[in-house]
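Taking the hints into account, I'd like the entire structure generated from these sequences.
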Amino acid sequence: LRPSSSGMCMTNQSTDENDADGIQISIEYCSACRWMLRASWIASELLTTFANEPKLASVTMVNKSPPLSEGGIFRISASSSSSKGDQKNSVLLWDRKTQGRFPESKEVKQLVRDCVNPDKDLGHSDNRQPSEADGSNAKGDDCIECKEEQQEKGKPLQTGSGAEMTSEEPTDPSSMIPSIFYKQDHISIDYSTGTSIDSEENEMYRAAHYANELLSMIYKRNAWWKEMQLQGDVSKGIGEKDAPAAIDSVTLIPNRLETEILRVKLNDDKVIFDESDPTVSTVIADGAHLRNIVKDILLNNGISDVTNDEEVVVEMMDDDEAEEARKYFGVF
Numbered sequence: 004l005r006p007s008s009s010g011m012c013m014t015n016q017s018t019d020e021n022d023a024d025g026i027q028i029s030i031e032y033c034s035a036c037r038w039m040l041r042a043s044w045i046a047s048e049l050l051t052t053f054a055n056e057p058k059l060a061s062v063t064m065v066n067k068s069p070p071l072s073e074g075g076i077f078r079i080s081a082s083s084s085s086s087k088g089d090q091k092n093s094v095l096l097w098d099r100k101t102q103g104r105f106p107e108s109k110e111v112k113q114l115v116r117d118c119v120n121p122d123k124d125l126g127h128s129d130n131r132q133p134s135e136a137d138g139s140n141a142k143g144d145d146c147i148e149c150k151e152e153q154q155e156k157g158k159p160l161q162t163g164s165g166a167e168m169t170s171e172e173p174t175d176p177s178s179m180i181p182s183i184f185y186k187q188d189h190i191s192i193d194y195s196t197g198t199s200i201d202s203e204e205n206e207m208y209r210a211a212h213y214a215n216e217l218l219s220m221i222y223k224r225n226a227w228w229k230e231m232q233l234q235g236d237v238s239k240g241i242g243e244k245d246a247p248a249a250i251d252s253v254t255l256i257p258n259r260l261e262t263e264i265l266r267v268k269l270n271d272d273k274v275i276f277d278e279s280d281p282t283v284s285t286v287i288a289d290g291a292h293l294r295n296i297v298k299d300i301l302l303n304n305g306i307s308d309v310t311n312d313e314e315v316v317v318e319m320m321d322d323d324e325a326e327e328a329r330k331y332f333g334v335f
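All you need for the working numbering is the position in the sequence shown, starting with 1, plus 3.
The set of hints was computed from the structure by calculation and includes no laboratory data. For glycine and all other residues, C-beta sits at the position ideal for the given N, C-alpha and C. Some clues are possibly wrong.
Stated by the list, open to error - In the DSS-like style, the derived pairs of lysine-lysine whose C-alpha atoms are separated by at most 27 Å in a straight line are:
#1 Lys223 x Lys298
#2 Lys186 x Lys273
#3 Lys268 x Lys186
#4 Lys268 x Lys58
#5 Lys123 x Lys109
#6 Lys273 x Lys229
#7 Lys186 x Lys229
#8 Lys123 x Lys186
#9 Lys123 x Lys58
#10 Lys229 x Lys123
#11 Lys229 x Lys100
#12 Lys58 x Lys109
#13 Lys298 x Lys273
#14 Lys268 x Lys298
#15 Lys109 x Lys186
#16 Lys223 x Lys273
Stated by the list, open to error - Computed beta-carbon distance windows for the label pairs:
#17 Glu230 x Asn92: 38 to 46 Å
#18 Ala291 x Leu125: 29 to 37 Å
#19 Asp122 x Thr282: 38 to 46 Å
#20 His127 x Gln102: 20 to 28 Å
#21 Glu326 x Ser182: 54 to 62 Å
#22 Glu327 x Asp129: 52 to 60 Å
#23 Pro281 x Lys58: 27 to 35 Å
#24 His127 x Ser182: 43 to 51 Å
#25 Pro121 x Arg37: 29 to 37 Å
Next comes the structure, spelled out in structure tokens:
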């Protein structure tokens, strides 16, 4: 990828058919600020708008929050990788810290369009005038909890995009950050797009639902970390076994060539669920069930004892019970 004269990214042309570029979009967001649904919404918008664009290879949502990263992060970037899997280069499409606000969906679509297919017509989303109606776009509108946490550590609040702490080593050894924070567990979900966005074979909505359920696991860990700080237990040292399991990133990968594909993999090597493979015995009832399976695997060294026995059993009412229910709820 390279920036064009207008500041938007364009794909490098390849003459080798076996080295065709694929554009991978990454959406980094602060979970402490509870921006997961904003990231998920933009991801769904992109996967819907560019469902039939083969150049869009994937969209990844990445949790970025204290203690490993500064608060208030919301960044969107695009990277280019060949069919051989080697990453070539990347470009930052949007940084809330730099732009001073969140992007509108049409702005993100325009930026991604210039990466995957500059000639694509986005219809009404080609309106270049951003709206200022969203009050949350105000510059400096950072999460109060993120600010308080960094100030409690005695560190000045960092606001530049280059101020992000790396996730390789703790910047403050005395903070005793549990090693589980550096594990960075990842989920990838391959799904069929079907012949069209409203096709019965389109599994995007189900894949997005699974992604939300798995990414929401981070909220329990964030709450646990804050409680440890309030209680002063951080200075005593915290074991990895004490931290709640969480998924740090989810990649949604559209499959435009096959149907009935819905595959969930943990850390790119363990298949948790595969709708097209009869050898994978796991049956997923819903997103909450999948979340419990993943949590069990993370906490039990790759083994899950969670079954589908906990799914809700629906019992049918008889005529008398139905009549009583209608009277109770005011339905006649």
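Outcome of the hint check:
Simply put, Lys223 and Lys298 have alpha-carbon atoms about 12 Å apart, close enough for the 27 Å limit, and the pair holds. A distance of roughly 16 Å separates the Cα atoms of Lys186 and Lys273; the hinted pair therefore holds under the 27 Å criterion. With a C-alpha separation of about 16 Å, the suggested pair Lys268 and Lys186 falls inside the 27 Å cut-off, and the hint holds. Proximity of Lys268 to Lys58 is assessed by CA-CA distance (about 22 Å); at most 27 Å being required, the pair is judged to hold.
Of the pairs offered as hints, the one joining Lys123 and Lys109 holds, with about 13 Å between alpha carbons and a cut-off of 27 Å not exceeded. Taking the CA atoms of Lys273 and Lys229, the gap is about 31 Å. The hint is violated against a cut of 27 Å. Distance restraint check for Lys186 and Lys229: the Cα-Cα separation of roughly 19 Å lies within the 27 Å cut-off, and the hinted pair is therefore satisfied. For the proposed pair Lys123 and Lys186, the alpha carbon gap of about 39 Å is over 27 Å, so the pair is violated.
Simply put, Lys123 and Lys58 have alpha-carbon atoms about 12 Å apart, close enough for the 27 Å limit, and the pair holds. Distance restraint check for Lys229 and Lys123: the Cα-Cα separation of roughly 46 Å exceeds the 27 Å cut-off, and the hinted pair is therefore not satisfied. The straight-line distance between the Cα atoms of Lys229 and Lys100 is roughly 24 Å, inside the 27 Å bound, and the hint therefore holds. Of the supplied pair hints, the one linking Lys58 and Lys109 holds, its CA atoms being roughly 19 Å apart against a limit of 27 Å.
At most 27 Å may separate the alpha-carbon atoms for a hinted pair to count; Lys298 and Lys273 meet this at roughly 14 Å. Restraint check: the Cα-Cα separation between Lys268 and Lys298 comes to about 13 Å, which is no more than 27 Å; the hinted pair holds. A distance of roughly 34 Å separates the Cα atoms of Lys109 and Lys186; the hinted pair therefore is violated under the 27 Å criterion. At most 27 Å may separate the alpha-carbon atoms for a hinted pair to count; Lys223 and Lys273 meet this at roughly 24 Å.
In this structure, Glu230 and Asn92 meet the distance hint of 38 to 46 Å, their C-beta atoms being roughly 41 Å apart. Taken as a hint, the range 29 to 37 Å holds for the pair Ala291 and Leu125, whose Cβ atoms sit roughly 35 Å apart. For Asp122 and Thr282, the Cβ-Cβ distance of about 43 Å falls inside the hinted range of 38 to 46 Å, so the restraint holds. Judged by the Cβ atoms, the range 20 to 28 Å given for His127 and Gln102 holds: they are separated by roughly 22 Å.
Remark: the range hint 54 to 62 Å for Glu326 to Ser182 is upheld by a beta-carbon distance near 59 Å. Range check, Glu327 to Asp129: about 56 Å between beta-carbon atoms, so the 52 to 60 Å window is met. Taking 27 to 35 Å as the suggested C-beta distance range, the pair Pro281 and Lys58 conforms, at roughly 33 Å. Remark: the range hint 43 to 51 Å for His127 to Ser182 is upheld by a beta-carbon distance near 48 Å.
Separated by about 35 Å at the C-beta atoms, Pro121 and Arg37 satisfy the suggested range of 29 to 37 Å.
The structure shown violates the earlier hints numbered 6, 8, 10 and 15.
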